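S.K.: This is what each chain is made of:
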Amino acid sequence: MLLDIFDPKAPPQAIGIDLGTTNSIVAHVRDGRPVPLTTCDGTPLLPSVVHYGVEGSVLVGRTAAAYATREPERTIASVKRFMGRAAGDVETKRLGAYKFVPGDDAVVRFDLGNLRPSAVEVSAEILKSLKQSALDQLTHVGGAVITVPAYFDDAQRQATRDAGRVAGLEVLRLLNEPTAAALAYGLDKRQNGLFAVYDLGGGTFDVTILRLDDGVFQVKSTGGDSALGGDDMDREIAERMLTAMGANEPRLRTPEVVSIALEAARHAKHASTEAAEVNIELPKRGGGELRFVLRRGDFEDWIQPLLERTGKSCRRALRDAEVEASALDGVILVGGSTRVPRVRAFVQELFGKAPLADIDPDLVVAYGAAIQADLLARDSDEVLLLDVLPLSLGIETMGGGVDKILPRNTTIPAGAQATFTTYADNQTGFDLHVVQGEREIASDCRSLARFKLGGIPPLPAGVARLEVSFDVDENSLLHVKAVELTTGITQSVEVKPSYGLTDEQVEQMLTEALDHGESDFELRRLRDAQVEATRILLATEKAFASDADLLEDAERARIERALLAVRQAASSASQAASIQSAVSALDDATHGWAGRRMNRAIQSAIAGKNLGAVERSVAHAAGVEAHLAKHGDHER
Amino acid sequence: MDPFEALGVEPAFSLDLGLLEQRHRDLSRALHPDRHASSGVAERRMALGRAIEVNEAFRTLKDPVRRAEALLARRGVASGEGKEPAASPAFLLEVMERREALAEVRQSKDQAALARLIGEVGGEVARSERTLTEQFARAAHESAEILKHIAELRYYRRFLEEAASISDELF
Numbered sequence: 001m002l003l004d005i006f007d008p009k010a011p012p013q014a015i016g017i018d019l020g021t022t023n024s025i026v027a028h029v030r031d032g033r034p035v036p037l038t039t040c041d042g043t044p045l046l047p048s049v050v051h052y053g054v055e056g057s058v059l060v061g062r063t064a065a066a067y068a069t070r071e072p073e074r075t076i077a078s079v080k081r082f083m084g085r086a087a088g089d090v091e092t093k094r095l096g097a098y099k100f101v102p103g104d105d106a107v108v109r110f111d112l113g114n115l116r117p118s119a120v121e122v123s124a125e126i127l128k129s130l131k132q133s134a135l136d137q138l139t140h141v142g143g144a145v146i147t148v149p150a151y152f153d154d155a156q157r158q159a160t161r162d163a164g165r166v167a168g169l170e171v172l173r174l175l176n177e178p179t180a181a182a183l184a185y186g187l188d189k190r191q192n193g194l195f196a197v198y199d200l201g202g203g204t205f206d207v208t209i210l211r212l213d214d215g216v217f218q219v220k221s222t223g224g225d226s227a228l229g230g231d232d233m234d235r236e237i238a239e240r241m242l243t244a245m246g247a248n249e250p251r252l253r254t255p256e257v258v259s260i261a262l263e264a265a266r267h268a269k270h271a272s273t274e275a276a277e278v279n280i281e282l283p284k285r286g287g288g289e290l291r292f293v294l295r296r297g298d299f300e301d302w303i304q305p306l307l308e309r310t311g312k313s314c315r316r317a318l319r320d321a322e323v324e325a326s327a328l329d330g331v332i333l334v335g336g337s338t339r340v341p342r343v344r345a346f347v348q349e350l351f352g353k354a355p356l357a358d359i360d361p362d363l364v365v366a367y368g369a370a371i372q373a374d375l376l377a378r379d380s381d382e383v384l385l386l387d388v389l390p391l392s393l394g395i396e397t398m399g400g401g402v403d404k405i406l407p408r409n410t411t412i413p414a415g416a417q418a419t420f421t422t423y424a425d426n427q428t429g430f431d432l433h434v435v436q437g438e439r440e441i442a443s444d445c446r447s448l449a450r451f452k453l454g455g456i457p458p459l460p461a462g463v464a465r466l467e468v469s470f471d472v473d474e475n476s477l478l479h480v481k482a483v484e485l486t487t488g489i490t491q492s493v494e495v496k497p498s499y500g501l502t503d504e505q506v507e508q509m510l511t512e513a514l515d516h517g518e519s520d521f522e523l524r525r526l527r528d529a530q531v532e533a534t535r536i537l538l539a540t541e542k543a544f545a546s547d548a549d550l551l552e553d554a555e556r557a558r559i560e561r562a563l564l565a566v567r568q569a570a571s572s573a574s575q576a577a578s579i580q581s582a583v584s585a586l587d588d589a590t591h592g593w594a595g596r597r598m599n600r601a602i603q604s605a606i607a608g609k610n611l612g613a614v615e616r617s618v619a620h621a622a623g624v625e626a627h628l629a630k631h632g633d634h635e636r
Numbered sequence: 001m002d003p004f005e006a007l008g009v010e011p012a013f014s015l016d017l018g019l020l021e022q023r024h025r026d027l028s029r030a031l032h033p034d035r036h037a038s039s040g041v042a043e044r045r046m047a048l049g050r051a052i053e054v055n056e057a058f059r060t061l062k063d064p065v066r067r068a069e070a071l072l073a074r075r076g077v078a079s080g081e082g083k084e085p086a087a088s089p090a091f092l093l094e095v096m097e098r099r100e101a102l103a104e105v106r107q108s109k110d111q112a113a114l115a116r117l118i119g120e121v122g123g124e125v126a127r128s129e130r131t132l133t134e135q136f137a138r139a140a141h142e143s144a145e146i147l148k149h150i151a152e153l154r155y156y157r158r159f160l161e162e163a164a165s166i167s168d169e170l171f
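Here the protein sequences line up with chains C and X, keeping their order. The opening residue of the first sequence carries number 1 in my numbering; numbering runs sequentially from there. The opening residue of the second sequence carries number 1 in my numbering; numbering runs sequentially from there.
Same shape as in the complex, but just chain C (with noise of 0.2 Å):
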């Protein structure tokens, strides 16, 4: 043990890491295990709170929080219910003690005076502090897994790995909290069958419905609500407080007295899941301390309405997934708002059986992620996580209506295509706006991109035929390509949607953050690309070790002069891109070879399990073989 903490060889370990909207976990595997890592608090949960000095210095967890009640504006928590979010987002208004910058900025900013950090900063703040806590116990971090409510959009799915990339982590996957938690429950019991996630955080609400089928967990459906949870049951408390205490009008609610109701109420709910009365004392309008009494039983229904939300999304998801209640073979309890016994209570009479929570419901997310990084970061295929689509996908029409494209749901990755044709003579250009949810009105839809699809032809109306594919990725995350059909001009678009931050902006930021300036930032994308170099040099003896017999002569003799070049700048370039464009090259000379591994793969795949007779099945893979002999080069 001790060795291995001062080889400074030491080989990268992967990271999960739950970025709660109360808590934040970071956990790694070891000896096979999830284990959570000790935060800079001692403990495995870090409080998601900021608080950014008045003199610049930025506290994370628990020392932050200490500054709620006295600092309350400077001190940020439940960062995460505002991450994708804009400034004239409804969440932005509700009962909270912060600031924000004024304006119609795509994110949001909290004004500080001095500072005016965005929910994608705040969050980094969080990720680093994880990521040194990781880095002290683990010495050589490799890539993240960062989980994501199911229910999160787009534009919050791109603020996460935003945060992450400006934390200086290497993001290899956004994972659903729910599948996360079904991972870790899982692997612990080896049990196929179906099963419901009830996943009731700080702030975000998801239920998830999936078969767990050896190996293969395949999402159903999802559904839930990425504004609902234990914060809102703060509020209920926290609104009554602030009555007592004689604080009705909303220029008596003052963000310390806001923030003190909060956290008193905070402190109320956590204590009445032991005892059915609680006293707490405040501080009274005027001077003086009152008593305020929180009988369980009134609480209860100050929360039915939250929980009768939750159980609507519950009744679709198992709609959407076409399953009745009854077929479930277990309900997974995730989330530290699931530890109030009536949230349990109501999930038990909803799903008509007792829940399971005997992994803790604080850390199985983090475990969950730590599980997915380790199987990525040993290129493992014990498991197979096929998740959905959390919320349809559609382009506004003409009329301010919405073409939906991908519906909720649908097994990711996924495409589709739309063909757009011009409505005037010697049109060059379209405006395509694309929209995320389920209501029928655009402007009732999550925007998440709007774009110019230039470079037509001049042609006709009606005769140009513009192609645009969405693709949707595994993190979820919409990739928008457009091609110009008839003039055979493959013009393609990369789109990026507009809240999402670009690689350049990215960069400065780093920059920004860094202490050292210009140079460490160098040594860390050398060190990055070094990483990378070797996992490419290790992936590709892995393709030589199966699929040798696939390659030419020529063809091997030239993959092998790139990977020396490829072992020959890791070991000793001094500058990322020259590492960058040996793989590169190696990327360009393994191409063909992929192609022809991966169309072996799909014919043992279809070939592997007995479909009927034998020649049938012969048929079939020939059948493939020739469609994919045309086709197979369409990536180019």
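Derived from the structure by calculation, the hints contain no laboratory data. Here the structure is a predicted model, which is why all the values come from computation and not from measurement. There could be a bad hint or two in this list.
As the list claims (entries may be wrong) - Computed list of chain X residues with no C-beta within reach of chain C, every gap over 10 Å:
id	residue
1	Gly8
2	Arg25
3	Arg35
4	Ala37
5	Ala42
6	Ala51
7	Arg59
8	Ala103
9	Glu104
10	Asp110
11	Ala112
12	Thr131
13	Arg154
14	Phe159
15	Phe171
As the list claims (entries may be wrong) - Which residues of chain X face chain C? A few of them, derived with a C-beta cut under 10 Å, are:
id	residue
16	Leu7
17	Val54
18	Glu97
19	Glu100
20	Ala101
21	Asp168
Even glycine gets a Cβ: it sits at the ideal position worked out from N, Cα and C.
Given chain C, put chain X in place with the hints provided.
M.R.: Below, chain X without anything else, positioned relative to chain C:
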């Protein structure tokens, strides 16, 4: 890409959905981006494209309307809304009556009546699917007849979607 070829199954309207699911899973094991996470950029992009094709094919074949259209496409018959023959007056009448019943349920918030309506239309869906199975199995089939049943299925599906959203709204 032809969805039957993408999944390597015999083209037919009547499919064993369990086997289809198994095939989809086996192909996903080979193609899912997580399986290519440590590969080079080009290979990752290729795997992503193929995984999307397989998922898209699975989505098409699970859905009776799109499955029927894929079968017609193999026979060179264009399909889709607007290419289908006009509905018979009897069918249109049936449509109108059901729509009225749905509107009434929305007003009366009668959960049992809504369930009954959904059950009835579900029965119609099953009937149309059986007819399509027979028609596709015949050596010489009538494209026009098939298109008519596809149009009916499309209508029933839309009706069920609307009923589901009413159920969302009310209960």
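S.K.: Does each hint hold? Answer for all of them.
M.R.: Hints, one by one, checked against the model:
Residue placement check: Gly8/X does not keep its beta carbon more than 10 Å from all beta carbons of chain C (closest about 4 Å). The Cβ of Arg25/X does not lie farther than 10 Å from every Cβ of chain C; its closest approach is about 5 Å, which violates its non-interface assignment. Arg35/X, annotated as away from the interface, has a beta carbon of chain C within 10 Å; the closest lies near 7 Å. At the 10 Å boundary, the C-beta of Ala37/X falls inside the reach of chain C, the nearest C-beta of that chain being 5 Å off.
The non-interface label for Ala42/X is inconsistent with chain C: the shortest C-beta to C-beta separation is roughly 5 Å, within 10 Å. Ala51/X, annotated as away from the interface, has a beta carbon of chain C within 10 Å; the closest lies near 5 Å. At the 10 Å boundary, the C-beta of Arg59/X falls inside the reach of chain C, the nearest C-beta of that chain being 6 Å off. At the 10 Å boundary, the C-beta of Ala103/X stays outside the reach of chain C, the nearest C-beta of that chain being 17 Å off.
Chain C leaves Glu104/X outside its interface by the beta-carbon criterion, the shortest separation being 22 Å against a cut-off of 10 Å. The claim that Asp110/X is not at the interface with chain C holds, since no C-beta of that chain comes within 10 Å of its own (minimum 18 Å). With 10 Å as the threshold on Cβ separation, the claim that Ala112/X sits away from chain C holds: the shortest Cβ distance comes to roughly 16 Å. For Thr131/X, the requirement that its beta carbon stay farther than 10 Å from each beta carbon of chain C is met, with the minimum near 22 Å.
For Arg154/X, the non-interface assignment is confirmed: its Cβ lies about 14 Å from the closest Cβ of chain C, beyond the 10 Å cut-off. Non-interface call for Phe159/X relative to chain C: holds, since the shortest CB-CB distance, roughly 15 Å, exceeds 10 Å. Not every beta carbon of chain C lies more than 10 Å from that of Phe171/X, the smallest distance being close to 8 Å; the non-interface claim is violated. A cut of 10 Å between beta carbons decides the hint on Leu7/X: the least distance to chain C is about 8 Å, and the hint holds.
Because the beta carbon of Val54/X sits about 8 Å from the nearest beta carbon in chain C, less than 10 Å, this interface hint is met. Among the interface hints, the one on Glu97/X is violated; its C-beta lies about 24 Å from the nearest C-beta in chain C, farther than the 10 Å criterion. Nearest Cβ of chain C to the Cβ of Glu100/X: about 21 Å, over the 10 Å cut. The hint is violated. Against a cut-off of 10 Å between C-beta atoms, the interface hint on Ala101/X is violated, since the closest Cβ of chain C lies about 20 Å away.
At about 6 Å, the closest approach between the beta carbon of Asp168/X and any beta carbon in chain C falls short of 10 Å, and the interface hint on this residue holds.
Checked against the numbered hints above, the structure violates hints 1, 2, 3, 4, 5, 6, 7, 15, 18, 19, 20; every other hint is satisfied.
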